[in-house]
Every structure is written in structure tokens, then in C-alpha cells.
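Student: Chains as they are written, first to last, in the UniProt record's numbering: chain A, 1 to 356; chain B, 1 to 256.
Hints in this document: simulated from the structure, not taken from any laboratory. Keep in mind that a hint or two might mislead.
[Said to hold, decoys possible] DSS-like cross-link-like pairs, simulated, lysine-lysine; straight-line CA separation at most 30 Å:
#1 A:K238 x A:K24
#2 B:K7 x B:K228
#3 B:K228 x A:K210
#4 A:K210 x B:K234
#5 A:K210 x B:K5
#6 B:K190 x B:K91
#7 B:K223 x A:K210
Remember, predicted model here, so these are calculated numbers, not experimental data.
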Amino acid sequence: MSKKTERIFVKGNEAIARGALAAKCKCFFGYPITPQNDIPEFMSSEIIKAGGDFVQAESEVAAANMLLGAGATGVRAMTSSSSPGIALKQEAISYMAGSEVPAVIVNMNRGGPGLGDIGPAQGDYYQSTRGGGHGDYRHFTLGPGTVQEAYDLTIKAFDIAFTHRTPVLILGDAILGQMKEPITPWEPENIDEEAGRDWAITGRTDGREKRLIKSLFLEEGALAEQNRHLQAKYDSWKDLTEAEQFETEDADLIICAYGSIGRIAKSAVRKFRKDGKKVGLFRPITLYPFPSDELKALAEQGKRFLTIEHNLGQMLDDVRLAIRTVADSDFYPIYPGNLPTPDELEEPILKCLEGK
Amino acid sequence: MSEMKEKLVFDRPESVIDRPTHYCPGCHHGIAHRLIGELLDEMDLAEKTLMVTSIGCSVFLYNYLNADAVEAPHGRAPAVATGVKRARPDKFVFTYQGDGDLASIGMAEIMHAANRGEKMCVVFVNNTVYGMTGGQMAPTTMIGQITTTTPAGRCQTHEGAPIRMTEIIASLGGTAFAARAALNTVPNIKKAKKYLKKAFEFQLNGTGFGFVELLSGCPTNWKMTPLKANERIKDEMIPYFPLGIYKDVSEEGGVC
Ligand SMILES: Cc1ncc(C[n+]2csc(CCOP(=O)(O)OP(=O)(O)O)c2C)c(N)n1
Ligand code: SF4
């Protein structure tokens, strides 16, 4: 159920910020890094107008820990950054996972390793889908491909965070963040802003027992029990996957690509279809949990696969794991530092189609 | 025989939970906890308190004080508390941190929380060592002090000089109150409580950041009896870390 509003023309970064406000995000903690600066800049005024609070933190480390603090009180909160900044946030993300604190983290992936560049890349797929920080934890990772989807998935990210008491990461890139598109913003209805009332630290009012948000479990067997509990939660997410399938039904070759590259690959697929060539696109939207079953079902129909990423082969592992008993996937890397175009993808796709 | 009337003169504050602590004999963390517990009772704060515990011997503060709490990563308590307070500005928020936690790994977080004038309090327990990890050198370790990572004693040219945090915090714009007390004698403990109360009040009336350093003993890692540890605070620590109020904006006319 939603209330639609008028169309607007915005960058992906601004769409994410607007989506967060629509989802009643009340605290934002930022730190400058390109290509995500539009998010904190927008929030610095707009979240205040919406009755929330904004802090420009002293570092990404501090911003992520502010997020942990705000989330622990049951308030909807968010931070955003880009690759090296996300690396700094990961200790706190691990704490949030360990102590089950809901929060939303945005990563506008830039080129790496090291300082890399400020251009688009997908080199953080491992970092963003494997937990990345210390310990056995997972969190939802959502990979929007369009500006509208960036808006929609930000609203969804807050839903997931509070339904499952988990950090949720939105993985975009410099293309998505900086590209302007028309979108239709919408307002979700019936958001329960006190969703944390059963567990959050809000003060021991009404004489209730004190509450602890913690990830230290020293008592005999306690940590194993906590890990069992967390693992069961992650297992329960298996059915909550989402993927876009485009022209897959009769396709001989399926391109697997996510985010901006998924969108560029879609243009290439359209071109091939015009020429009567049976190519389709499988675009995972939940990168964790990965839509393995859907992919495997396609493999069981005898289709072949080509994974294309703006990195040197990371999601490829998930594709291969999904289809491993039936098929395999070829891979075409776009090197971080290069800007991909649909034309560039034609040759590798054609080669694959012709079995070369 | 007439019945003797007994008057209770000393009891456990309600905010302090009735359970034995895990601290070593002679450790001063227990005294600091009690002072906070007394103030939570006297100022009627327990129900509106959100504590942020740090990583160190005192991480289990939440087992001993009857208030809601969140556990922060090592050094990050002031950032976590910033998030807590910004999300719930009507609550009473404090962190409780050791010297390794606050003055080493967490130096950026403490400086900036103070400088922003976050409406929160920080209780800083300076025992000149990393207690929990077994007595390594801390930023506050005294020159010449032997620790497990300064076996020949801390040397200024190699390890630098002990950091005086209260002086640094007092110099920052958002600090409303900064003071240093010691937990080695009854008069000093009384003063510590007075300072804590002031810091708490500055948060409650929305003035700004309150910081209280407590010079404390760690007999275990100092390899001393509790009595000797108290003497060391007097003879070695207080001369280098002078006690007193370093900033009190109620006397200066406010922070902006
Ligand atoms: C990121 C990180 N680094 C190191 C540690 C290990 N560690 C646990 S407690 C501690 C030091 C605590 O010393 P202090 O802050 O002085 O408190 P005390 O134990 O003396 O009260 C350290 C280094 C950790 N938990 N996390
Ligand atoms: S090691 Fe030191 S600080 Fe830790 S409990 Fe023992 S005496 Fe206290």
C-alpha cells in the first residue's frame, strides 16, 4: 500500500536519501567520500526538516558506531559511504549483526584496491555480501540497477532491517549514484516507528527489566548458542530472494549481471534480441541472500551462462555455486577504471553464443 | 531489657545490582560503579538512563548497574553514545571507559564527541595500564612504569609521555565540564562524586559535554597490594595528573 506522489528528476544518490526519508529514517551519520557525497549533503538539511538529526562524523568508523547507537534505541537510522569507507565501518557492522541492531548502510562502490579511483566499479561484491567484518555473520545486500529501484529498495531496506533485526546494505556504484533519472517517489503507509519496543534500549520505564544490546557471550556455550540463533535467522532468509529475469524463457544464453552492469547488459540483450539471437538477462536484486534457486532452475533447462561484472570475478562464485551440479558460467570482466558500454559487451556475448 | 533501635547508615544503592563483581580485590572499578549507582538513585535517573559500555575490564558494568545498556566496540563508546543521544535526546546517556579504550584507540571519538558538545557524560577510569588484556602499556602509563610491553619501564623518547586527557578535553569548545578526581582516599572519593554529579547536571540541563577522569588502582597489573596501589596514586599519579576542575562553564558563562 502506498501513496504515490509526482514524478521528479534526481540522481541515484538523492533517490536513496529521499527513499530513506519516506521510510521515516530519523538519524543520518555521514562522512565525505566521492561518489556518495550527495547523500549526506541532502540529508544535512532534509532530515532535520523531517524532525530527525544529522551528524557529520569524524570518520567512517565513528559514523558506523553512531549508527549502532541509534539503531540500538530502535530508531530508524542510516549511514552511507564508498568502498574504503565501508571497510572502516565493518567492525561496527559486525557488532550490529552480533547484537542484532537494525540499520541501513549504503555503499556507492568506487574503483579499488587502495585509493583506486572515484569511478564506478563492483569490486566490493565480496566485501558487501560476505559480511566483510569479523565473525560468522551475514546481512541483506540489495543491488539496485536504476534510480527508481534505488528509491524503492531503500524503503525496503528499512523494512527488512526492522523485521529481521539486522543491518542491511545497499550496494550501488558511481554510475547509479551520479546518474539522473525521472522517478516516482512514493510514501509507504503504516510504518511502525516504534518497531523496537520489545527489545530496544529506551530506558527502564514502567519498571520493566533492564535491556542489553551486546555481542559479548563469555558464558559456557553462550556464543555457540548465539551463532546457532543467528545462523537460523540467515537460513530463514533463503526464500526472500529477488531477481529480474528479462527474456530468459527461450534464451540459450543467460547473462548474469547485477546493478548498473545488469542494466547495461540489458541494453545489449535487447540488441541481440532485435537480431533474433536468444540471449536473456538474470539480474540478482538481493545479492545476499543470493537467488540461487531461480538460477538453478534456469540451468536445469539446459541454458548456458555468462557472468559479466565490473570487477575481476566475484559474483561469479555465487553463480557457479548456484548452478554447480548442472552447469558452469563463463566470465567477462570489465576492469575497474574502465567505463563499460553496451557495445563493449557485444563481442564477448557473441563469442559465448557461438561457443567460442 | 529495652529493644535496641538500629539505624541503617550504609546500604547498597538501588541502582547497583546485588551480585558479586568479577573485579580483582582492591580494584577501583567497583567504587566508580557505586558512585554512579548512588547518583542514579539520588538524581532519580535510573529509568531514563542508557549506558554505553566500552571494552576493558569494565565491559560488565551492565551486569552491575540496573539500567539499559549497549556495548560499544573498543574505543568507540563516545560515537555510539552520540548515536544513542541523537536518537533519544530525552534520555540520560553516559559512557564508561578505560584509558586504553579512551586515550588510545578511541582518541578521535572522545575528542570529537567533546568538541561537538554532545549532551552526554563520560566516566574515564585511568589506571595507567590495559587491565583486561593483561597489563600492557597504556597512553597514560607513567614514565619508568614497568608493564608487559615496557619491560624496562616506559621511556619518553621511545614511547612518548603519558597523556593528560582532562586537560585536553577541557580545551575543547563543546566541553561544559571537565574534572579529575582520584579513588584512593575517602575525601577524594567524595570529591569524585561531586564532580560526577556536576557532569550529570550539565547533561540534564542541556549545557554540554561532561567529562570526569578517575585516577584508579589496578593492583593486579601493578603487582602491588591494594594499599600500596593507593599510595602509588598519591605519590606518583596525582603529582603528574593534578586533581581538580579544569572546566566548568557555569563559572565561565556557557558554551556555544
Ligand atoms: C579492536 C580491538 N582491539 C583490541 C581489543 C582488545 N582489548 C580488549 S580490552 C583492551 C584494553 C582495555 O584497557 P583499558 O581501556 O585501559 O581498560 P581496563 O581494562 O584497564 O579497565 C584491549 C586492547 C579489542 N577488544 N578490540
Ligand atoms: S585487572 Fe586491574 S582494572 Fe582489571 S579488574 Fe583487575 S585490578 Fe581491576
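Student: Taking the hints in turn, state whether each one holds.
Tutor: We went through each hint and held it up to the structure:
1. A:K238 x A:K24: holds, 27 Å
2. B:K7 x B:K228: Answer violated: K7 (chain B) to K228 (chain B) is near 34 Å, above 30 Å.
3. B:K228 x A:K210: The given pair, whose Cα atoms are some 37 Å apart, is violated under the 30 Å limit.
4. A:K210 x B:K234: violated, 38 Å
5. A:K210 x B:K5: violated, 36 Å
6. B:K190 x B:K91: Within the cut-off at roughly 26 Å; holds.
7. B:K223 x A:K210: violated, 36 Å
Of the hints listed earlier, those the structure fails to meet are numbers 2, 3, 4, 5 and 7, in rising order.
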